[in-house]
Amino acid sequence: MVIDQSKMQSLSDRMAEVKGRSPWADARRRFLRNKAAMLGLSILVLVTLFAIFGGLAAQWSNEELDFSVMGQVAQMGQPSLENGHFFGTDNLGRDLYARVVQGTQVSLMVGIVGAGIAVVVGTLYGATAGYVGGRTDQLMMRTVDILMSIPYMFVLILLLVMFGRSMSMLFLGIGLISWLDMSRIVRGQTLSLKNREFIEAARATGVSSFRIIIRHIVPNLLGVVAVYATLLVPLMILTESFISFLGLGVQEPLTSWGALISEGAGTMNYGTLWQLLFPLFFFVITLFGFFFVGDGLRDALDPKER
Amino acid sequence: MFAFVLRRLAVAIPTLLLLIVFSFTLMHLAPGGPFTGERALPPQVLANLEARYGLNDPLWLQIWNYLVGIVVHFDFGPSFVYPDRTVNQLIAAGFPVTLTYGALSFAAAVIFGVSLGVVAAIRHNSWTDYLAVGVSIGAQVLPNFVMAPLLVLVFTLWYGLLPGGGWSFNDPSFWIMPVIALATSYMASIARITRSSMLEVLGSNHIRTARAKGMPERRVILRHALKPAMLPVISYLGPVFVSMITGSVVIDIYFSTGGIGKAFVDSALNRDYAVMMGVTILVGALTILFNLLVDVLYAWIDPKIRY
Amino acid sequence: MIKLFASTALVALLAIPAHAVQPAEGETLADTQTYTYWLLDAIKSLDPAKNTDVEGSDALRQLFEGLMIEDAQGNMIPGMAESHDVSDDGLTYTFHLRDANWSNGRPVTAGDFVYAWQRVVTPETASEYAWYMELMNIQNASEIIAGELAPDQLGVRAVDDKTLEVKLTQATPYFLNTLSHTTAYPVPQAVVEEHGDGWVQPGNLVGNGAFTLASHNLGVDIVFEKNPEYWDADNVLMQTVRGVTVNDNNVALTRYQAGELDRVQIPAGQYPRLEEESPEEATSVPYGCSYAYVFNLSEKGPEVLKDQRVREAMALSLNRDVIVDQILQGGQEPAYTWVHWAINGFAAPEGNMGEMTAEERMSRAKELLAEAGYGPDNPVQLELQYNTDDSHRLLAIAAQQFWRPLGIEIELNNVEWKVHTDRMQNQDFEVARYAWCADYNEASTFLDWFRTDGYNSGKWSNEEYDRLLAEAATAEDTAPLYQQAEAILDEENPAVFVYHYAKVDMINTAIKGLPRENLLNTWYAKDLYRVAE
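Chains as they are written, first to last, in the numbering used here: chain A, 1 to 306; chain B, 1001 to 1307; chain C, 2001 to 2533.
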């Protein structure tokens, strides 16, 4: 599961080419015509609504134990409208509906915050390297090369072992290991932007480098960054699920899709299949949604016959 | 080209050093040590243990001794948690296993992924195409920690076709489930990348020219389209390789294959500093090497790139 | 204590010959005598001096044999020692070894024991279990471990090749019971010196047990073959024993059902279903471990826990019946004492909280909390630490829910094993889950834990309790003393005792001879056989 770098390259080349008028108007039109992307977008909207408002429909909290179900989950804990367990219960008799809602919140948040950190760090790093150029650029990009050959999942495991498991560590760890590709793409595009008239004009009027980067370079990177971020979110969610599988993810009573799926997968042969299927369903459709939207966004900004 | 390879190798050494120092420090800062156990050890016993493994030296000296051991004797030291074995022995036992099912998965992912992608691209917008896209997206997002127990359930319990776990270099029936579980999602990604890049190439001018000249379609695809369409796939292979090594944890856990993936996670959780360092260095070195290979392959296929 | 002492002496006196393993009436032996059992994780070490865990002990018990071995009920019977004498002061034991060989054909001598035991305490060996020789009270063990004396000063001596003399620092009633432990096994000096740390690898390992090591692939499997040199080999039916590592209990169960394993642990909560589906195979027997939530009562501990009423309220209001009947569901027993209920000769003190009804416990808990000034409006805030594991997680969540309505708000803190034990040993916790497994079948193995200088991570301390245990060490009738000690625990609640373990396994009905009455679950493959189905 890695983002197709060559397409990102092609996109950023194109974004740098376009002069004068904004490419956004055309892109929006193309995006709206893309059925897969629109489907993806609707899924994402629905899942987000589920995460935000789903809790209102829950009859149970995500940590309450239903003692009438506990101990005979296979018989009594299946999905039911009567007892309010719409998605059934987990092995302790906790309401799976409430837990899926809450897991959706955590997973989306991990995905978005992780991608956000990657985008912010990657963009600033790449833009700085590209804009400053020379030795600094060399040094900064060599560092990226070095960091790229570190097996990052190992480092993430080490970080979680070392600093203990916490939500913030998870965000930080996941975000910090995924900004490298971003910084390369951004740097490439910055290089081609920095000799444009409007940048030179700004420089001539004595605007500081930092201000130029923030005010003029970064806004022009928006297309690439948006596409990259959309495709990064599902990767973050997948990474989180792997970490949860290892038991290093979010802590009880909080949960995430990864934790729910790995719990459900363990008991798939014990007659409680719903424990796997509900979280897996949300996980899968959301990843689909992000892929469709990301691909659609990219195709809209960089139209080619594909 | 030669200079490029040399330069890349030169960067590899500081990279590895950085990795060693970083992991070593992180590991030692973590609470608990290799001998923290259920029963608090009497201070004397603990002191004896620490003396034996050199843990009472200052951190910088430990790192130095460790590096000297590796460089001079190619000795990664004794394992803390498996005192009967040295790290060299542990890696020698686990790594060939990981490498075997890893390489097979890699080959399977590339062969099936590329075939699927090419077929989908040729039959663009047909039901074959939609099926291929659907399957590959589905396979891409199904976590392998769901797929692995499912495979055991289906192939071992229900149909009794394959052994549910274990490893043998002589009996391919032990390889099948690990390879399926490890390869599927990468196969799917490769199929998607191949498909889209193939479509792009098929729409390009030089293919139109070839077709216009009346070249048979089969020849057009194999001789002219496939090679350029492979470029994005190749640049994807480096990361695939690394994620496969990481993903091997799941394989080792569910299929009792005894590879180094599990060894790494265990060593981190058990504070087996020596094994953890050994595996990290090994995987780091392989990553560097593999990325280099990918770059060389890339340059060989794409004549536009010059180093 | 005395009773225990007397019965083992009697066994030695009569020198009962080891009983021959043979099929019962109506059973036919299977053609291939194999037994495949499940290992959760790779075996860490096969070196008797370095082994620390249950999986390793299970393997070592097949490969080596100590002076004593255990029968199906866990009683000591002669192993390498055919008989023994004890001096009147109980300080000197003389063992008379039987004629037995190592798997390389060399005789097992008293010198092998001397070498092995000295090796355990030698600082260079860095044995994590060196303290075991101190538990055995062998002369000079502590001084040698501390590096103050040379290893050859250990109180153990080969009088001649077949006579071993052991000197103790004090009369130790349980001494004979310690002899079946892996740390007290003999090792072959020549082999150890030839191969160093790697002497226990397949191909190098030489043992005196009923089996030899055929192969050992870490994380995959370990295979034992019958040892023709074993002294009682004629009575061993089993030919091949295999331990298979499966890191996931659920997958292990699947593989058991596919016929790949003969024995596997049943995952939490699955016993009732399996018991219904295959009553012949699903088994549950008492297992000598107790589970508890330990309070940190040290300086570093939270102030609120120093209030005895709060601790008692927490102990009262934890609904153990739900935990054992609805979560674990494997024949575990609710715990109101620290000592496992099935321990030899142990009886719970009268009037302990286990005798109250659930309602009484609940209302008493509310009263106590209210007295202490807490309640739902002014909740007690505590952190419960547990190590990463599915069933610990389930129990911790349940505990959190049981305590919440009373006004005890628990924050869960899941850490990995190493961090968990590290923090417990440094009193960096508030409430921590803990389990203790019996080393031998006698109440002191549990009660020692809460002595002021015992492991006692919570640093609870009570003079009367210490005095009772000291008295029990030499008393004739220990039962009332242990009962009084438990009564103190019941009164002061240094921990909430949660449940007493059961060993809940699926066992292939073709496998016979697995002990069902051994509380420590010690098994010897030499006693097993497979019948034709």
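By construction, these hints were calculated from the structure, which means they are not laboratory data. The structure presented is a predicted model; accordingly, all values stated were derived computationally and were not measured. Note that CB positions come from ideal geometry on N, CA and C, so glycine has one too. Keep in mind that the hints are not guaranteed to be accurate.
What the hints assert, rightly or not - Example chain C residues on the side facing chain B (calculated, C-beta under 8 angstroms, incomplete):
id, residue
1, Lys2050
2, Val2200
3, Thr2509
To be verified - Calculated from the model, a selection of chain A residues having no Cβ within reach of chain C, i.e. all distances over 10 angstroms:
id, residue
4, Ala36
5, Val73
6, Arg94
7, Ile112
8, Arg165
9, Ala202
10, Arg203
11, Thr267
> Of the numbered hints stated previously, which ones are contradicted by the structure, given in increasing order?
Replying inline: 3, 5, 6, 8 and 11
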